[in-house]
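These protein sequence lines map, in sequence, to chains A and B. Just so you know, we're using my numbering here: the first sequence kicks off at 19 and counts up by one. Just so you know, we're using my numbering here: the second sequence kicks off at 19 and counts up by one.
In case anyone wonders, no lab produced these hints; they're calculated from the structure. The beta-carbon is built from N, C-alpha and C at its ideal position, and this holds for glycine as well. It cannot be assumed that every hint is accurate.
Ranges of calculated distance between the beta carbons of each label pair, as one might list FRET restraints [unchecked claim]:
| no. | chain 1 | residue 1 | chain 2 | residue 2 | range |
| --- | --- | --- | --- | --- | --- |
| 1 | A | Q73 | B | A233 | 28 to 36 Å |
| 2 | A | E216 | B | L32 | 36 to 44 Å |
| 3 | B | G331 | A | G320 | 37 to 45 Å |
| 4 | B | L346 | A | G68 | 21 to 29 Å |
| 5 | A | S316 | B | N53 | 33 to 41 Å |
| 6 | A | G331 | B | S212 | 53 to 61 Å |
Quick list of in silico lysine-lysine cross-link-like pairs, BS3-like style, CA-CA up to 25 Å [what the hints assert, rightly or not]:
| no. | chain 1 | residue 1 | chain 2 | residue 2 |
| --- | --- | --- | --- | --- |
| 7 | B | K310 | B | K269 |
| 8 | A | K22 | B | K141 |
| 9 | A | K141 | B | K22 |
| 10 | A | K310 | A | K269 |
2 protein chains.
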Amino acid sequence: MQIKDLGEFGVIDLLTRLVVDQRAGPGNGPPFSFNLTVDNGDDTAAWSVGQSAGQGQELFTTDTMVEGVHFTRETTPWRDLGWKSVAANISDVASMGGLPTYALITLGLPPETQVSDLESLYKGMMEVSNEYGLAIVGGDMVRSPVVFITVSLTGAMQGQPMVRTGARPGDLVAVTGYLGSSGGGLKLMLEEPSEKGEAADYLRTSHRRPRPAVAVGQTLVEAGIATAMDVSDGLAGDLAKLCQASGVSGKIFADRLPVHPFLSSRFPDDCVELALAGGEDYVLLFTGPPAKVNDVVSGLPGGAAVVGEIMDGEPGRVAVVDADGQELPSRDRGWDHFGPAQD
Amino acid sequence: MQIKDLGEFGVIDLLTRLVVDQRAGPGNGPPFSFNLTVDNGDDTAAWSVGQSAGQGQELFTTDTMVEGVHFTRETTPWRDLGWKSVAANISDVASMGGLPTYALITLGLPPETQVSDLESLYKGMMEVSNEYGLAIVGGDMVRSPVVFITVSLTGAMQGQPMVRTGARPGDLVAVTGYLGSSGGGLKLMLEEPSEKGEAADYLRTSHRRPRPAVAVGQTLVEAGIATAMDVSDGLAGDLAKLCQASGVSGKIFADRLPVHPFLSSRFPDDCVELALAGGEDYVLLFTGPPAKVNDVVSGLPGGAAVVGEIMDGEPGRVAVVDADGQELPSRDRGWDHFGPAQD
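Kindly produce the complete structure, drawing on both the sequences and the hints.
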């Protein structure tokens with residue numbers, strides 16, 4: 019069997035079980051001597067630091083962008099690629115409620131890469147690193163036929179990291195910002211690469227310079243939210259992952275998706291689908307009891323919206339319904355790196 | 019200018035300066051608020067943890083293997099590839115004197131990859147992880163036309179990490195194990211893929227299952243050694259990097275290189291060159307005042323050997339001399355990922 023037959027979900031499940039089951043050895047002692055609080059399968063791993071409880075958690079995550087798969091040089095210039103590759107990792111730390119601390123950069127590069135392009139890449143990396151207060155402390159560079167960038171990032175936080183496993187039937191689902199703007203930017207650049215104007219600028223910038231929700235993540239933890247992830251692959255696919263991890267089903271209200279006016283005016287027919295499946299918005303998706311979620315949503319200074327609910331049902335199944343409660347036909351949403359569509 | 023014109027040294031220098039110079043921003047405060055003790059350019063980064071001095075250091079490193087560049091599936095089966103990709107990172111932590119703690123695995127894979135091969139890969143990763151007491155806590159998986167594996171690894175240690183910058187004229191240079199065995203294994207597999215016998219087994223295993231020198235690294239730190247790195251690209255090239263970082267020259271005594279009897283009997287004409295440039299031996303290379311180095315070398319239970327000395331001179335220049343002190347002709351040694359030969 020090839021990994022494309024198993025699909026991304028299947029492969030990750032298999033490897034996660036393999037790692038967790040076999041993690042034992044003479045040097046290890048009891049399974050929890052690693053003080054892991056969040057194991058394989060979430061946005062980041064986490065473990066307790068220090069001797070006493072409450073001394074904080076360390077977070078650890080990695081994310082890769084491959085040319086031709088995650089980006090092209092036409093739609094994401096080098097400097098923006100630098101920003102975005104680090105920002106995607108910061109977003110994983112933000113989704114736990116943490117602050118980014120130290121990063122390592124691995125570059126796979128063809129020998130013909132221009133030095134000036136590499137300088138632009140690092141300029142973008144430094145911009146986002148300095149803005150979010152993290153330090154790039156090293157990395158690795160290798161020859162490769164395609165450009166790839168792997169960032170690994172540590173983070174720190176007080177309190178309990180928000181995880182994917184805590185969604186319960188009856189919970190509401192909320193997001194902390196506009197959906198579909200990044201996907202709209204990509205669509206625009208592919209269809210009308212030279213379009214000018216305020217809407218085009220907004221959409222392109224949304225795609226190229228996403229802003230991870232670090233402060234929002236901290237606010238959610240302080241408000242007692244326990245379940246969250248970032249929207250990197252698209253709301254529908256990401257909520258499906260969260261539901262799978264929690265053993266529940268979910269419902270998305272298509273008429274309540276927060277869509278920026280520039281997106282709805284530029285792509286009136288596609289904006290709902292872009293909001294559901296566009297990906298790379300890097301807002302946070304969180305769940306919790308209705309009273310608490312409504313309270314948090316109304317209090318977030320940057321805005322947030324309730325977009326769905328959690329139900330009993332087939333784990334990982336997510337239905338999208340219209341204003342009348344009618345289920346919309348299922349489409350290929352989300353991003354499976356290896357396999358066929360997920361739904 | 020393309021990066022192949024600048025060469026690996028040049029590119030790394032450029033990016034290191036760019037990162038260190040521009041690491042400042044509103045969220046960062048003074049440059050040393052990150053508590054960095056080892057910055058960009060060494061085997062790992064390191065920073066102090068805890069409030070008071072002496073509470074220990076955290077280490078952070080990453081290393082990548084790309085198919086066709088660092089390995090082929092013929093010479094490194096999947097299970098050994100798993101072992102080796104994690105072992106290379108453990109070796110970087112060992113070279114500082116630390117213990118490996120948490121790892122993330124990033125896989126770039128073609129969709130046609132067999133699931134059973136992936137299981138073998140992880141089996142090898144778990145073997146080395148369990149033996150060395152580290153936990154794989156997550157990772158990322160992406161579609162890629164070539165197989166690549168990036169491991170990022172944290173580590174922990176008490177005391178001062180050994181670095182590359184401390185070599186001084188008059189120091190001796192020593193290594194903590196046999197050189198050239200891994201390179202001999204690769205040569206054997208390329209020339210005589212089906213050769214049997216004890217020597218062939220030893221050489222192949224040296225290439226496929228390197229054993230990072232974690233305990234040796236700790237012993238060196240306890241003995242007061244301050245300068246070390248691991249031999250990953252070959253002694254000549256790696257000593258050149260250490261000399262460059264320390265601003266000194268070095269000399270290697272070709273007749274004192276520790277070569278395993280299986281290597282010298284199987285490759286009598288090439289064993290010195292393999293010892294100088296074979297790479298991937300993952301023994302430690304260290305320097306220090308003669309009395310101390312001789313003392314440490316004689317006390318290491320697994321054996322060690324003095325192989326050279328440090329001198330004033332052009333930073334990074336390393337001469338190889340024979341038993342009569344005559345300099346051997348310079349050859350293309352070490353591994354430049356992008357550029358022309360380094361010497």
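Structure-based check of each hint:
Between Q73 of chain A and A233 of chain B the C-beta distance comes to about 29 Å, which sits within the given range of 28 to 36 Å. The given range of 36 to 44 Å is respected by E216 of chain A and L32 of chain B, whose C-beta atoms sit roughly 37 Å from each other. Taken as a hint, the range 37 to 45 Å is violated for the pair G331 of chain B and G320 of chain A, whose Cβ atoms sit roughly 59 Å apart. For L346 of chain B and G68 of chain A, the hinted distance range of 21 to 29 Å is not satisfied, since their beta carbons lie about 53 Å from each other.
Our hint of 33 to 41 Å for S316 of chain A and N53 of chain B holds, since their Cβ atoms are close to 39 Å apart. Our hint of 53 to 61 Å for G331 of chain A and S212 of chain B holds, since their Cβ atoms are close to 56 Å apart. In summary, the hint linking K310 of chain B to K269 of chain B is supported, as the alpha carbons are separated by about 19 Å, within the 25 Å threshold. Of the pairs offered as hints, the one joining K22 of chain A and K141 of chain B holds, with about 20 Å between alpha carbons and a cut-off of 25 Å not exceeded.
With a C-alpha separation of about 20 Å, the suggested pair K141 of chain A and K22 of chain B falls inside the 25 Å cut-off, and the hint holds. Taken as a hint, the K310 of chain A and K269 of chain A pair is honoured in the structure, with Cα atoms around 19 Å apart against an allowance of 25 Å.
When held up to the earlier numbered hints, the structure conflicts with 3, 4 and fits the remainder.
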